[in-house]
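Model the full assembly from the supplied sequences, consistent with the hints where possible.
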Amino acid sequence: MMATAENLITGMLLIIGAGFTLVAAIGLLRLPDLYTRMHAASKAGTLGSGMMLIALAVFAHDQSIVTRALAAVVFFLLTAPISAHLLAKAAYAAGYRLWGSSLHDEMAGTLPKRHAPDAAAQDDEL
Amino acid sequence: MAAETVDISHAMVMAPATAGDWLVVAPVAIPILFGALLLMVRHETRLHSGLAIGGLLMTLATNIGLLARILNEGPQVMTMGRWLPPFGISFTADALGASLALVATLVACVCAFYGLKDIGATGRRYGFYPFMLLMMAGVGGSFLTGDIFNLYVWFEVFVISSFGMLILGSTHQQLDGATKYAILNLVGTTLFLTATAFLYGIFGTLNMADIARKADAMRETGPLVTLTMLYLLAFGMKAAAFPVNFWLPASYHTPRIVTAALFGGVLTKVGVYALLRVLVMLFPDERQVLSGVIAWVAAATMILGIMGALAQSDIRRMLGFVVISGVGVMMAGLALGTEEGLTGTVLYAFHSVLAMTALYLLAGVMNEIGGSYSLHDLSGLYRKSPLIAALALLLVLAVAGLPPASGLWPKVLLVRASIDAGQPWLSFAILLTGFLTTVALGRVYILAIWRQKEAPAGEAAAAASPRIGYAALVILTVPVLLLGIYPDPFIRIAAAAATGLIDSSAYVGAVFPMGVQP
Amino acid sequence: MRTLIFRTIAPYLTSLMVLFSIFVLLRGHNDPGGGFIGGLIAASAFAIYGIACGVSPVRRALYFHPMAISGFGLLLSTLAGWLSFFFEVPFMTGLWTKVSVFGLPVDISTVLFFDIGVYLVVVGSITSIALALEEREHG
Amino acid sequence: MEAILSFFVAIFFAVSIYLMLSKHIIRILLGVSIFGNAVNLTIFTVGRVVREVPPIIPEALQMPDTITANPLPQALILTAIVISFSFFAFLLVLAFRAYQELGTDDTDGMRVAEPEGEPLPPLGY
Amino acid sequence: MRLPLINILLALTWTAVSGSFTLANFIFGFLLGAGTLYLIREQVGSLGYFARSVKVISLALLFLYELVLSAWRVAVLVITPKMDLKPGIFAYPLKVDRDFEITLLANLITLTPGTLSVDVSEDRRFLYVHALDCSSPDDLRRDIADGFERKIMEAFR
Amino acid sequence: MSGSEEFLALAEFAALALLSLSFLLTVVRVLIGPSLPDRVLALDMLVTIAIGFIAVIGIRTGFTLYLDIAIALGLVGFLATVAFARFVLSRRYEQEFVKRDTLGIYGDKEP
Amino acid sequence: MTADSQWLTFLALMLPFAAAATAPLLTRLFRHNAAWVLALAPALIFLHFAGLLPAVADGRTVAGGYSWISSLDVDFSWYLDGLSLTFALLISGIGTLIVLYSGGYLKGHEHQGRFFSFILMFMGSMLGLVVADSFLTLFVFWELTSITSFLLIGFDHTREASRRAALQALIVTGMGGLSLLAGLLVIWNVTGAGSMSALLETGDALRQAPLYMAALLLILGGAFTKSAQFPFHFWLPNAMEAPTPVSAYLHSATMVKAGVYLVMRLNPVLGETGAWETILPIFGGTTLIVGTLLAVRQTDLKLMLAYTTVASLGLLVMLTGFGSEKAVEAAVLYLVAHSMFKGALFMVAGLVDHESGTRDITSLGGLRAAMPITFAAAVLAAASMGGLPLFFGFLAKEEIYAALGFSNGWSSLLTLVALIGNGLMFAIGFAVALKPFLGAKVETPKHAHEGPVLLWLGPLVLGGLGLIAALASSVSHQFVSSPMSSAVAGLPVTVTISTVPHVGLPLLLSVVTVALGIVAFLMLDRGRALMAATLQTIGWGPDKGFDQALRGLTRFSFGTTGVIQDGRLDHYMMATFVALAASLLIPLFLFGELPSLPAIPDAPFYEWVVLLIGVIGLGAVIYARDRLTAIVSLGIQGFSVALLFMLLGAPDLSFTQFMVETLSVVILALVMTRLRLSPTDHRPTGEKISDVLVAGLCGTALGLMLLRVTQVPFNGELSEFFAQNSRVIAHGRNIVNVIIVDFRGTDTLGEIAVVMITGLAILALVRIRAVKPARATGKEG
Ligand code: NA
Ligand code: NA
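Chains as they are written, first to last, in my numbering: chain A, 1 to 126; chain B, 127 to 644; chain C, 645 to 783; chain D, 784 to 908; chain E, 909 to 1065; chain F, 1066 to 1176; chain G, 1177 to 1957.
These aren't lab readings, by the way, just hints derived from the structure by calculation. Here the structure is a predicted model, which means the values were calculated and not measured. You may find that some hints are simply not true.
[Said to hold, decoys possible] Derived EDC-like pairs (lysine to aspartate or glutamate); straight-line CA-CA distance at most 16 Å:
| id | chain 1 | residue 1 | chain 2 | residue 2 |
| --- | --- | --- | --- | --- |
| 1 | E | LYS1059 | E | ASP992 |
| 2 | B | LYS579 | B | ASP503 |
| 3 | B | LYS340 | G | GLU1336 |
| 4 | G | LYS1283 | G | ASP1332 |
| 5 | B | LYS579 | G | GLU1336 |
| 6 | E | LYS1003 | E | GLU1062 |
| 7 | B | LYS579 | G | ASP1332 |
| 8 | E | LYS990 | E | ASP1054 |
| 9 | E | LYS1003 | E | ASP1041 |
This is the structure we're talking about:
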């Protein structure tokens, strides 16, 4: 009985987690600019993998695995926003401007600019 | 110690390891220890040279002890971690490995001594002596290990250490030279690793004695000729054989002269050693199949090498090409594969280690008193220092293979071996190389030493004679001369080395005393 | 890098990672891990610390020069091998003994010291590289 | 699986060598890095491949009771990875310093040790 | 932060006494220790400790809820054939001023729906936040102020 | 094999399929960029997916020890992002470097 | 030979070297008078060898020696028969006089001690050469004579001409030495004899061996270069740059005869064949004519003598190769005579130069009054050289003509050659001996008067000996000529010719020679002009050719090296990888080591995906147009490898690979801040194609090899052992880790050494600045 529940929960978590991950990947492809893509990666992606780790924790009977899996999730939640922040800040600082149809940019003017804010020219040599 | 509750006799060596047994590993473990120690006292640069020379002398002492033991008792083995061979890594020292390790350590001692003057505080702080010690650990490990993957590791140890020595100073020349040296050497060692991977896939073992005894059985099923060819290429690269020798002339003239001296003396010989060990001892039949290729490679290396020397104005660069040419000569013995030829190769290796190191140091001293490395500028050294003129003459004779110095007998042996083996053209190549060496170095001698460009007013300026340089040169010239005048013991050791390669039974027997597969 | 958010969190991350690295080091004999991986993780930790807060705090935190730590690691590993000399067994033979720490039996072995040496070498060298490069950037 | 891996490894080797044949030091370095991976995969493949079962003895056993992946190539690769990483790091910094000092990343431009247009050695006596 | 330390010491004592150094036992010991501290709450002034613990847990729960919601919104957004996006960056005036609090807030914002912290201004008075739907930045600002920022201040002050 | 086990096996398979697809989509983003932060973001995403992948493989094979790799991956993925951010941010230093160099102030070169 | 005298002979052979070692000190003590002390060494040696004369005259040989390099069957042994003993006596005897002469000639020279050293070392080498029995001992001494002669010719090292001459001699004779070595080793190989004594026992073996011709040519290569046979003669006149004692000793009396010695020594085993009797006379005869003609051209006394030396050596070779006992006798007599008269004349030339300040025959004259003793010595020597009756040269010339005769066209031709050569030599000899002394006094740079005893003693003794030896011909024949001839001929020969002329063809020819010589003497100036004009017209000679060859060699080497070692890393890499492709593909195909076709593999879809990602990553690295895309793409392929490791049961590897790939990316990113990747791969299309081809071939080859290797049945005993003992004995469950720290811990020790050194090396790279040491040692933790 216990095993059945475990298997079911594990399976569900896996599918949902993988689903979130896929959604994040789709978002990464579909969304129009870096900043919007980051929303997909840092939320759906983090949650997806986090769920799969929890699935592992549910599945495993070894309590050390359980604790490590949970620790991994926490660790993951700790670092994910930091990387998002760093990347966003760096991109912005490097002159990577928002998508053309963005509504506001209240941050404009806070950082020295180098490049023309033209996304097409922002390729390479960043 | 926890009491052993399980029977370990099926997995471990039961005989105790005596202090004498430790001689096999000491020449590697001592320099590592000292290298690590030096790093810990990195800022106490005054301690460095003393510690380094002390460590090297200890290493030298163990080398001597080891060789003596081998000559008395045959190959010595210690299997690390007490595991039975072929499961543990067996250090297996035979006459070949131990003698080369001894000669290499000797020149390292001299170079460390020379470094007293050549290497300042900055050079020391950034690791000249640790690099040197670790390099010697790598070189020693390469000579003494009986495990082919472990050989790869020691190769890498000395290669990376050589990188460190090479860039110490960061001059433009060094950076350029080191780039080429590093990339090409990396490719070479990676090919070695690749070959070793294939070897493991075929044999399922890495112990060289184990491979030697299994080679016959595997010859049916495994692609051993291709494997051997790959080893030939990889080690050929390390030895600086044509057409994979470019890294050497590109870099050897760029570092401090003491570094170049150590490189020129020691490094290519490790490649030659590996060629001997693998091609002669492990894959003799395949070596036979490839002997034609090896012979051509040898001839091309020696002749193009010495032609390269003829083309140089800078004596350091010239010496780089002389090193290459010597590699070609050593490969001639490998191509022949006869006892006589291999004896010649090993003897040449002894000679080359000593003479090339000495020549580079000589170049350093010449620069010091003559103010240049260029043949266009050097002159008047005879007047400034008759001692240098005499030492230079001896060393020139040594590399040219003329009496009374060390190069003569290996040349004689190799020429005789190629005649005896029915390969007279190879002996022609060797003799031609000797001839061209005479031309190249003879010219250096008359230009740099004899020629007197300006009036000998500069003699006063040369009053500061580089005493350490002189002493180092004299120390090295003694064995060079000894090898020329009384070569018998050296030839005997070389012959023992060659015999041990051709008939690996002593080597295999030392590793597997039971003679049966455990 | 002048970012408050990163700078605030980096020290905690660093200690967390160093902790994890020691964990990985000590369990290496039985599970994936070991001195090398542990060392890499610890070195990464110091690299993050250095990038976030500058090189000097890291150097102060380590107290010894990273290369000296590396040298000590190699010395430790080699000495772990040399210890065999006194037991008449070949170089680098694993020697095991049990000691009691607060009544708990703990296995102490030369192999462990060897692995700790590996860890220290890796931590020292990689940290030294990262710091040296980081320093060049801003030096 | 060995066959697939052989093919895979061949691609790794080819790509790395193609990159190393470039004149640009960065491309060469990228090639060097891939070269290392190619060799590691080679070592892995020659030890023959077993899927998914790591060479770790379960807590309850004294020795493995099933066929595990071959541990030896893994150990060898670990050593090799470390070494190739070290070399890579060194080369990278070397390239960087060379670029800094010599002002070029084109190996054709880095001809200080063997400069172009050198004079002949003295032809007299 | 004295009390958490005492609590941990109590937990350690428990594991030592019970002779089992497992994490589960440690947590059990920690809870037991918390219980014992609760018994002497007036003498050691641990009332705030427990109140704050509750606040922290409530912050964590809020965060988890927001995270799931956030992921879900992204999912819905990206799989709709025609994405309706009105992104932009707005400046959020910070009330919290300690490094730790700013960092926590920024991270929480990042992990929650439609918002992502880009940077903190040099004078630490503004947090620049990127939003997927930036049509009404004032609403967003109010949400943050009433949500995470308030909870953080409750939990850590 | 019980029903729940069958379900789990199916779920594993489905998860692997979804993750594989995610991998490929993310790789596409790495390839098409267009900017460096986009690629870095995608690389970070790859790491995230890999963590999930590891979890699934751990469940599928029963070798839960792969978990530690996941932990390390979370760490290193983070590290890579930090490094790139660091790189992008320090580009301004390079501007300085170039300028000073042309003025001849940056004195690392041989005279 | 008794043990006692064996020891003495050894001592005699070592004595010159010992004397050489003490010479600088002695010279510092006694200045030029050290010559008297130092001359004791050769004198004692002479006495020792003279003591062996009776035994040798008895037809015995004196052999002895010590083991030297037993591993090579090389002994330090000697073989003294008539030939070698005569040479030993000439060397030590003339050597004694030369040492004395040097004392006077270099009086006051700051490096006189060094000069004594060199000349004594040369003497020891020469002595060793002629007495050596073991081939290799002979070779060693042979080369030592070249080396010491290099030092002596270059003694006046500040002059370019000296340096050139020294190098030239070294190169030419060095080349010959190598040829000799090869020849000796071929002989050793063919006959199994490694020493002269053993070889002489083998009879016809060598002549009948298939390698006879090779051996012959190689030996002659050594002999002809050393003995200055045309066209290798040019170095000898140039060697006149050396101080005159050297010219007198090395370049007339001793060293240049080493080649003749060799030919004579091997005559019994190499001679009496068509090749021998063709090659030697042709080369010898040509050398004789060329030498005399060129001698005519010269005005410098030493050069005149030098060319006649060349000619004489030609004559000796021609005679030795003629193939009759008589010719051998003639050669022997001429050799002895030549050593004496040429040595004397050289010393005379030096003496004249020393006293008058010039050696130009056209600016000398009338010195007879000022230098009567010198004049006497000169006349005595010239008389022997010209073959006048009562002198030893006369015996030689008689014997020459007697040997050659007119028995057939060949011998007639050679006789004619000898006639012309001797005639011209007569002229030159007397020109040197008479012109400076007779006639009106010519003003010379220095005011000439008779030199000190050290200087005139040598020429006078040698000149006088030419007379005495001839007068006491029975004695000299008994002890010298006959034993030597026997040794050369390989059978007992008795020389009988005496100064009492017998009417016959030889005498007639002698008369013709003298007549010819007188005519030539009188027409010497005209002849000189003619020769000068002729040489001017030819405009080229081997001497010039030497320079051209050396320069050409240098230029050719320079060009070749410039092509091979062109400083371009991409070329080096290309060569390396072409070699790699060839090294693998050729044996794979040639030795049938190709793999068999594998079955279609079966792998789960996600493995394919991982592999695909890897390949995509690789493609992306290649196509990356900026550095960062390249780095990220690199990350992808590394990531794929790590995942693959995980899927294939290698968690540790996967773990490490992830860490290492990330750290690589980190370091790349740290470093790349300043390192640009140019946006395009600059390779031209053609180069790209060849690169793709080579890379593709290498990849294919390595892939094929890998596939082939995996098709070999696998031996997993090592891993089996590790699995069995990992936990039981080594106390670890992670077998990989146990291998790393225990089973194969030594690998790891090396590995961490690599890591440590890398850290240090990078630190050095980053910190050390080439110029600013202040900064280099600056701040640092
Ligand atoms: Na993330
Ligand atoms: Na991450």
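Output the indices of the hints that this structure fails to meet, ascending. Numbers 1, 3, 8, 9, in rising order.
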